[in-house]
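> Residue numbers (this note's numbering), protein chains in the order written: chain A, 181 to 299; chain B, 573 to 883.
Hint data in this document are derived by calculation from the structure and do not stem from the laboratory.
If a hint is listed, it holds; no wrong ones were tucked in.
With a straight-line cut-off of 27 Å between C-alpha atoms, the simulated DSSO-like cross-links for lysine-lysine are: (1) B:K805 <-> B:K833; (2) A:K221 <-> B:K584; (3) B:K745 <-> B:K797; (4) B:K834 <-> B:K805; (5) B:K805 <-> B:K745; (6) B:K805 <-> A:K221.
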Amino acid sequence: MSGGAPCWQDILPGTVTLGESSRVVETGLWRSLRPILDVEKCVSCLKCWVQCPDMSIQTGEGGAVQGIDMFFCKGCGICAAVCPTGAISIRPESDFQDEADASSGGASPGKVGELVGQL
Amino acid sequence: MGVVNVRELTGKSNPLAEGHRMCPGCGAPTALRQAFMGMDSPVVVVGATGCLEVSTTVYPYSSWRAPFLHVAFENAGAAVSGVVAAHRAMSRKKLFREEIKFVAFGGDGGTYDIGFQSLSGALERGHDFTYICYNNQGYMNTGAQRSGATPRSANTTTSPAGILAPGKLQRAKNLTEIAAAHNIPYVAQTTLHDPLDLIRKVRRAVETPGPAFVNILVPCALFWKINPADQVKICRLAADSKFWPIYEVVNGERVVSYTPKKPVPVEDFLRAQGRYAHLFAGGGVRRDLIDQAQADVDAEWENLTQNRRSS
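Construct the entire structure; sequences and hints are all you get.
Structure representation (structure tokens):
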């Protein structure tokens, strides 16, 4: 290899060595439907928390539901389907087009090189 | 077994972290996440190749907070055996003092078919570990091919429904019973219909000394052709139609942990999924195949309840 391209010795071994490093991956970018939580109606029964495949239901002291993490939420809609009080509604992402930044920001999937640079 | 308090569980860190690349509404991360909720000790995780292994270890990211080992498709059982044996040897030399639990997982492809020999060996040798099969009844990672867990009449890419054949012709094998036939102390079968049942079963599996096997039916929205939001509803239909009996085998004794109060015909479960759409297409309802599915379900339920412990 020439021209400054990394050699195999420069690349991480074929082993993922950093635990929970996927937490920088913004899977929320996949979302086409967005769950909206109505805190007035929510009784923090945690049915959504326990069924969420993406660990996106944010909880606080004593298991109180505080919100939905749009950085990871892929918009599957399970939370709204299991909610017994109708506190979660689902709206298309296209309703939020005019938001300056639809999600909470951060690294995007595909920015692999940047992450490798940090190791 | 102790009472499961979901409120307390929210404060606990889960070995499976955010940012994994499983499809929206996939049942597999939910099953594993709920499984880990029941464990109190530190855990070492071994994964067979499959959707969950691939999507949680996309180079150079990892979605695991726990030590995680993947070797290949066919040897999660052998790999976890080695880890358990190594831990025993190191504990004997006082290199480890704390209690560690060992969990291996695989999809139905890596468990029913490809990894079956190594799993069978590990169960027979009696290593102290828990094997969790997240069973979506087909090879989803490679594009919805049939597996040994695919039920009769399901439309898959290698058993397509058409003029010559109505989907898969064979019945799924019953791996829960095959695991139980290894005479291991704990075997259980559940689905995502009730998180507390799943958490309790895996806790029991992990706390049981010796090998334990838990078979969890999880929907794959793409293969089953369902709305991802309907995951819990479909799992309830699987349990209520007795398509997927919810039970455990404790030291050889079968205990049904959920008997549907209002059983529904298996037709309701089939009708809810696109992979059986050919049974209901264009007015030509395949009554013979629906009756066959019902007969399969009734026969398994009969077998199960006949062996039931009277409690």
